[in-house]
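Once you've looked at the hints, dock chain L with the ligand against the given chain S.
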Amino acid sequence: MAATELSFYDRISDALANPDGQLAIAAGARAKYDNRARAMSEFPNMEITRDRARSIRAHTLSQLDKFLAEFADNVEALGGHIFWAKDAQECNQYINEIARAKDVQLVAKAKSMLTEEISLNQSLETSGIDVVETDLGEFIVQLSGDKPSHIIAPILHMTREDVGNVFKEKLNVPFSDDPATLNAIARAHMREIFLKADMGISGVNFGVSESGAICLVTNEGNGRLISTAPRIHVAVMGMERLVPTLADLSIMLQLLARSATGQKLSVYSNILCGPRRKNEYDGPEELHIVILDNGRSEILGSTLSEILYCIRCGACLNACPVFHSIGGHAYGSVYPGPVGSVLSPLLFGDPWNPLPHASSLCGACKEVCPVDIDLPGLLLKSRSQQIVKGKSPLWMRLSQWVYAITSCNPILFGLALRSGQVVSRLLANDGWFTTLPGPLQGWSIHRDFPALAQKSFRQLWDKPSQD
Amino acid sequence: MKRAHFLQKVSSVIGNRTLPDQDDTSTRQNALATADLQTLMNKFIEEANAVKAETHLASDDEVALETVMQLLNNQTNNKYMSWDDGCLPIKNLEQRLDSADYLRYQSTVPRDTAKRTRAHIKLAEVSVGITGCNAALADTGSIVLESKPGQGRLSSLLPAIHIALITTDQIYPTMESYIKSQPEAGYRSSNLIVVTGPSRTADITQTLTLGVHGPGTLHIIIIDKV
Ligand code: SF4
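Protein chains in written order, with my numbering: chain S, 1 to 467; chain L, 1 to 226.
In case anyone wonders, no lab produced these hints; they're calculated from the structure.
Glycine included, C-beta positions come from ideal geometry on N, C-alpha and C.
Each hint should be verified, as a subset may be incorrect.
Unchecked claim - Simulated crosslink set (EDC-like; lysine to aspartate or glutamate; CA at most 20 angstroms straight-line):
(1) K79(L) / D36(L)
(2) K2(L) / E90(S)
(3) K43(L) / E42(S)
(4) K278(S) / D84(L)
What the hints assert, rightly or not - Using C-beta positions, here's what the derived DEER-type ranges look like:
(5) E47(S) / D112(L): 52 to 60 angstroms
(6) A100(L) / P174(S): 33 to 41 angstroms
(7) D224(L) / S127(S): 54 to 62 angstroms
So that you can see chain L by itself, here it is in the shape it has in the complex:
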């Protein structure tokens, strides 16, 4: 159908209906909006744990690196994929993991159809994905990731374990406050994803099961940057 016809039909049924105006005064007030950093962080940890994400505190970059190493150490395979070094909040992750014999898989997916599928199949061998994040939301325990050059979507999606590195200054009170301060986040990249806990289902008799298609384990390492 032609766009004009489609819209014409919609216009004709709406007619001159008076439009109910939006009442901006009714926007939700949230006690967190004025909370200090410590309160925000505590709330974030509480909510993230409530949705079964595992949180780790790191007083500086070095502690964060060690935490990553420990988490990788528990793995049987040594393959990982990650955002590019420049997109992570700590320096030299790749180099450090390299010297400890971890193998980073290249996560750029070719545009060519056949090569694309081959790349996917190879990436499916990886068991851990490491990313940074663009924001964290205290109210819901969520992390917000943008896909950008250097920040692929698959690192937080394909592997069974997702490790996210966040810094304390990235924590916003609520989704509303994040959007208010970063309105362009909604369109400056092809994908903005708000992740609240590991992948789950309750489809089978309402029994909670983690790790359906996305990562079943989500580690959030919170690095003190203040």
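So here's chain S without its partners, still in its complex pose:
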């Protein structure tokens, strides 16, 4: 993924300057947050199930090589093809090659953050292949040339008027802001694409090692259509997405649905086991599963490997007060919110280093995570690794250096304190700074800053007052 031209801080300013978008995001995320809370509270033995899910993920990752080998053997035994892709380029090239060899003109795609991560659409389009996103939200994103702003709800940032205008402009239909009407237009438009597409491309929610099955979860049914109608189905799977058994899968599916949208199960939990078999009436003639590393093995070997437990439910985004304010786009990554702040610097490199700093570490994300990932802990680790590697911003390194020297030297510390008190006496108003100079202004625009007390704790300690 390429870095965007604007800095993180500029993107945040842009987001904050768009009150409509901000309201839409905050309302949407809160509604999802409430739905999750309700669904979880009704779940028998929720905490036990969550612990179990976490232990399934930990167990799988600790023997990932073994489970990957078992999965691949089973897929091949069912007549599916496995391709091992080191990175985005190998993956995209492989899919392009199949498309060329099989004379593919039209691709119908189900929502997949992983294919966004590797810019698969652009790669296929450069080869002259038509790629149509079939998830309603992703379709609207594609029509408007926008980017998804949430891993589960791609158009969380759009109002219904926005969607009406996109349809009017791009599909030549009369303006409507009624979701049912807009949905009917999209259904009719997309029908033909499903029926004519030569290839369906999807991500994978979970792969099941014991059987070689892959599971696609959708509410709309597009995941079923693209894995049934086109003659070729290509599924791109992040290498960490396995569960050992079907029983494990059933636990994950329930947690995923409840955490993502508050449903007990998503409408379609679609378990696919190889291509169409002899005497079956329909289904794809060919199934290709690409297992993608793209930086994941490095993460697996790092102290941040816990982030690979993630099942992409989006609950941590919905719980995050920072996400509520700045929305998904400001993160500049396909993975926004708390999970994205940990993942993006690991997957995409230094330009995403500011992301882990945009958190107050309030812990709301950890509380809702269905596999109990210690997101605040990972954010802290990520920050401290940046500092150890000398990758924190210059001003921060300088100020930490100055603070380290001053605080280790009683004379310097006393001097600094004294000058702070003098400045406070001269500039503060009734014990508060109402404006601060230079870069500190950002603080004082919205709130006052307390002045230093005229007597420090140490001074009080040395000379306790009479009363």
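For chain L with the ligand alone, coordinates are given in the frame of chain S:
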């Protein structure tokens, strides 16, 4: 990349990490696990209705057939597709619908590319799909369908209306209990699909809309077989 290289890289980062064992005692207990049939059925109906599936009770095959006829009667077009007769829980559905002038579309899709697309386009004219099911889950109001010879995937997917015929003895308490008693269901066919309500989206401003790409209406006819 070669499989061996890929896996070698993964092995090397995992090293000799001690593996956290799975604790099987923590499997979820569910009050439904020991419930009687009536309780299961009530729960199934309650949950299916909660996700906006429409449920119909049928005391025997004949009532079930009549219900199907009524549902078809409300349709403007007389075309339907379905699982083969032998795969449905009631007998002679095709024959009965035939004599009432309903037209069954052949749902076997040819393997040849050009013919395949033509078959799809023809099937898109159909407005109702009729299937049986392989299991139903009380806990979530779901139905479970397997693709097999005679049981195509498209019948429950392409038409705007899906009618599923299930029998009371097919109802399991939970997904876990179903998998436990039918472990081979996960691989004996190319597709196992768990359907929980009609197709839906809330993408546009979190407003629930039914029938995006899959059927927007799901009728479940529950036939008493006990
Ligand atoms: S980190 Fe946890 S809460 Fe966030 S998307 Fe992943 S699984 Fe969901």
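Results of checking the hints against the structure:
The suggested pairing of K79(L) with D36(L) is violated, with an alpha-carbon distance near 39 angstroms, which exceeds 20 angstroms. This hinted pair checks out: K2(L) and E90(S) have alpha carbons roughly 11 angstroms apart, not beyond 20 angstroms. About 14 angstroms separates the Cα atoms of K43(L) and E42(S), which keeps this hinted pair within 20 angstroms; it holds. Between the alpha carbons of K278(S) and D84(L) the distance comes to roughly 16 angstroms, so the proposed pair stays at or under 20 angstroms and holds.
Taking the beta carbon of each, E47(S) and D112(L) are about 54 angstroms apart, inside 52 to 60 angstroms as hinted. The given range of 33 to 41 angstroms is respected by A100(L) and P174(S), whose C-beta atoms sit roughly 39 angstroms from each other. For the pair D224(L) and S127(S), the supplied restraint of 54 to 62 angstroms holds, since their beta-carbon distance comes to about 57 angstroms.
Of the numbered hints listed earlier, the single one contradicted by the structure is hint 1.
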